[in-house]
Amino acid sequence: MGANVTTEDQVEPKRRWQDVDLRAVAPFVALALLLLLGAMVNSNFISLNNLANVATRSAFIALIAVGATFVISSGDLDLSVGSMVAFVASLMILFMNSNAIADPGMMIAAAMLLALIVGALCGLANGLITTVGKIEPFIATLGTMGIYRGLTTWLSQGGAITLQSAEQQDLYRPAYFGVILGVPVPIIVVLAVTSVAAFVLYRMRYGRHVVAVGSNPNVARYSGIKVDRVRTTAFVIQGVCVAIAVMLYVPRLGSTSATTGILWELQAITAVVIGGTALKGGASRVWGTICGAFILELVGNIMLLSNFISEYLIGAIQGAIIIIAMLVQRSLVRKS
Amino acid sequence: MRKGLLSLVTVAAMAMGSTAGFAEDKAYTIGVSIPAADHGWTSGVVFHANRVAEVLMAQHPGLNIIVKTSPDPASQANALQDLETQGIDALVILPSDPDPLVNSIKEIKSKGTFVTIVDRAPSVNDDSVRDLYIAGNNYSLGETAGNYIKATTPDAEVVVIRGLPIPIDQTRQDGFDKAIEGSGVKVLDRQFGNWNRDDAFKVMQDYLTKFPKIDVVWCQDDDMAVGVLQAIEQSGRTDIQYVVAGAGSKDMIKKVMDGDKMIPVDVLYPPAMVGTALEMTVANLYGQVPMRGTFTLDATLITKDNASAYYFPDSPF
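Protein chains in written order, with our numbering: chain Y, 3 to 338; chain L, 4 to 320.
Hints should not be assumed to be uniformly reliable.
Here are the computed distance ranges between Cβ atoms for each label pair [to be verified]:
1) I182/Y - S186/L: 43 to 49 Å
2) V134/Y - P170/L: 46 to 52 Å
3) S78/L - F201/Y: 46 to 52 Å
4) S186/L - M42/Y: 46 to 52 Å
To be clear, the hints were calculated from the coordinates, so they are not data collected in a lab.
Don't be surprised by glycine CBs; every beta carbon is placed ideally from N, CA and C.
Next up, chain L with everything else stripped away, as it sits in the complex (with noise of 0.2 Å):
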């Protein structure tokens, strides 16, 4: 009996949309689907995702989110097959590479279901594809960094390490180089670390033989600032006022907890952005709210007055 009136509510409110009633009863199943922990970052959205998903849960006892993971394009794309034989009604998708995977997503999305997309966008990101938009801020990353080193060394001769050669990073130095442009910060050099800790503790060692003097390194990743952090405490220099690096690793973000001279602040690019686009999906289902858009966070400024409101010490990241 219980069982057959529960099916008939499913049954109703999946007949009647987001139209009707008492919220709390209503039964959705959302989708996630992510790529799997392959490195410091995605191992955050894994992390994150599991725990919005819990609370989400919690809050509504007729919601039922299924967390998938997949390394790679091919597997993701079965990945939302399989959550499409499932029965969703909301997908909320973190795609390792958008383009390939546009027609999975178009599919999923003409059955009627929500779709919101996280990070990392399709060359053709409109309406066609999905509902709602999650974007980190690449450019205000580089932005916020270069603004901030402008603000506190007016005249700071700055080494860059980059990422990869791949247009997230070419973003984030027009970002920074956007901010630093007219003042008297410089930068002495650019070279790759390949978002890699011993390649970075490489390139900043180099750094250290081929510069005499250096305020300021900005290597816009966390994992990168381990190495390099590592490689400045070697050399015994002591004329590299600090560093800053970026995303919002549990361990970096500690250190500006506790004051670090070395990490004064970091930029936040957050793993937890999975949970933003997991509550506003559900907001859309539960709260009769308008939620199709782009939704673009901002890279906050981390100091040592917010650090903690950004603080996961049981995240792996």
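Bound-form chain Y, shown alone (with noise of 0.2 Å):
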């Protein structure tokens, strides 16, 4: 829209319908059908409390999908994110537990901090070994994906690392579970990250070289974008995303164990793929990533409130309501 708005009276109607990215929108057309199916099977579903509930815990893939969406943009893959978390959750607890600094609230920012530092330097570490190693993605992630889980399990000797201080626990505890003005804090996170990212994506230079380089990085080359550089920031900006996702997760059971974000990864480039971004680079949807990573998380609940679903059938239920997700939205693309 915008230029030639002058001929509005005959033009519009039509142009309105035809403007409408209905890739961008699919994801949320397939949000408010799954709302509707959630709805007919337990009347509580619908309540304020339930969906607070199940948006406050899908901020953690939510903001893990965000990273994500800017790799799996640029045409990479990044199959560590599960494993940082548990290893960057690791740390902080661990540097909270040595009371370095004898104020709770300085000890609290300075660990945050510190997570901020560990979760950029791990996704730098992705980014040097893919660009610089020139190591396939999917090989080089696979490799720390294993580094990071062995290094948590280490430092918690395969038990659990438990946050020690009740204060610096009773001051914490308000990043995961409190409200401010009834939005749960998490979900103002996630809406905060989700608009810068969205910035950096759509209005800053840079996201358009990470969509260049996603289509076709020879063509990028030649016109003279520094892909390496670029490839290797989207994983710095993917272990920004997950340091946090680390900085809401601590607060909530104050405790890691070597089991911590088993299986997130996937969970984060389904949640990206919902959202409308191709798997193979090219095309980012920053917005519809974090409905994905929603309608995930309505699944699982959805199946939970229903009385008449075998728990033994959960997981082919959510993996057929995902295709179900994906088949409505290829079908409102082709309309257009």
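Dock chain one against chain two, each of which comes alone in its own frame, and use the hints as you go.
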């Protein structure tokens, strides 16, 4: 829209429908259908409390998936994010337990800063191994996935790493359980992070470079884009997003174990793809991504609230619903 | 000279088996093969294997215990071979997956080594595979929890969080169902929490949405209890009277000791059973007492009174 809206009366109705990017809207249509389904299954489902619970718990995957949107748009893949969550969170808790700073508030602030730095460094490692080492991202991050997971298991000696100081715990708890103007803090964080990510992707030069590199790295290179730097930066952004997710994760259970974050990488990738970003790179839809993360969490929630689905079948039905959601998307896109 | 004498004694001890003489002078080597610490319970196994090994070696100067951890069945088979090469008189094994390891275990047993299997039994579990079997009691873990709930809150409405869809979990459910059969205890729902804190948190949140009134949560596992407690606290609901978990992690036992209202009891499925196995194996070597057979541990109900006996603050689990 914009430039030639002068002939508004005749052209506008037709135009408006075609101008809407259906691929971008599709995940929200799927979401609406799911909400409808949920409301039919259990009357408690549509309660604000339940939806807020589900949105809040989808925050981790949503935040990680925002980072994954960058990596996937630039044509790469990061399998290490689940292990990275466990590793960064473990270091953060160990640091908080060290009581290096007497004031608990300052201690938490320092620990959050540490998480950010460690997350960024983990992402940088992934990026450098992929670009400088010229190793397929699938293999490179499969390797670091093992490394981060192994380091976590070693740090915890296979057991759990638990936040000890009750004072710190009480002070930090609101970061996950708190509410601002009726909205849970994690939801606000997700919206803020996604807004920044959307600004970077759609309004800044870097965002266009990401998509250019993802759709065709050679063309991007000949156009003077520093391809390796763009890709590495995407991995660093992923690391930072993981760190932000960790900052919300630690106050929830105040504890990590060797099984923290297992298979979260697959959930993040699924959220990105449900959201309309192509797995082969070259297109990014970051708002769709968080919608995808919400859908994933909703599916589990609906299954559990229903009274007629055997607990043994939940996995199968989750898989089917994800595929149906994708098909709904496709059919909408074809119509356009 | 000393060395020569020592090896002479070793040779003599090996030749004579456990028949003769000066108990403390006999030199024996026990190999311990356990899974690597990959979650809370196995990390407890590693801790207790090392702890009990130290105690036993201090008691018996001639005794040498080698503890090896392996992440999967294939590497555990390799570890068994390594132990065999080093020459062991007895093997204590907690198999990561028993059936694929049966042949390796039989191979060692065929050399006359005393074999003790812990916790996970192969489908053929007789004296062709092992001499001694130390078992935890999954059925009783469910039964003990069920009996406690039945006795404490006869008309409780209970939500159950299961582990993973595998036989261990089913056995625990069967024990629980048997215990509450015919009583006023009613199970509202059962869902899988995958023995994982985060998943248990989600399941519990959804239970709280789904049911306006819940009396008791049975989540059979201490790790999952962490997530359950957090979800209950967040909801601000006061109808849930208590949570029954299981295993015996230090965090939950501490709560029982401290008289936490939400965790009044815990049901024991102790990683320390590897220590039981070591003690009995040593008793077989040094004590000249019959030790062949099956020894099944109770799933003891841990209450405030006996909790300190099961509390290991230094353990990772």
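Taking the hints in turn, this is what the structure says about them:
| no. | hint | verdict |
| --- | --- | --- |
| 1 | I182/Y - S186/L: 43 to 49 Å | holds, 46 Å |
| 2 | V134/Y - P170/L: 46 to 52 Å | holds, 48 Å |
| 3 | S78/L - F201/Y: 46 to 52 Å | holds, 49 Å |
| 4 | S186/L - M42/Y: 46 to 52 Å | violated, 35 Å |
When each numbered hint is compared with the structure, a violation occurs for hint 4 only.
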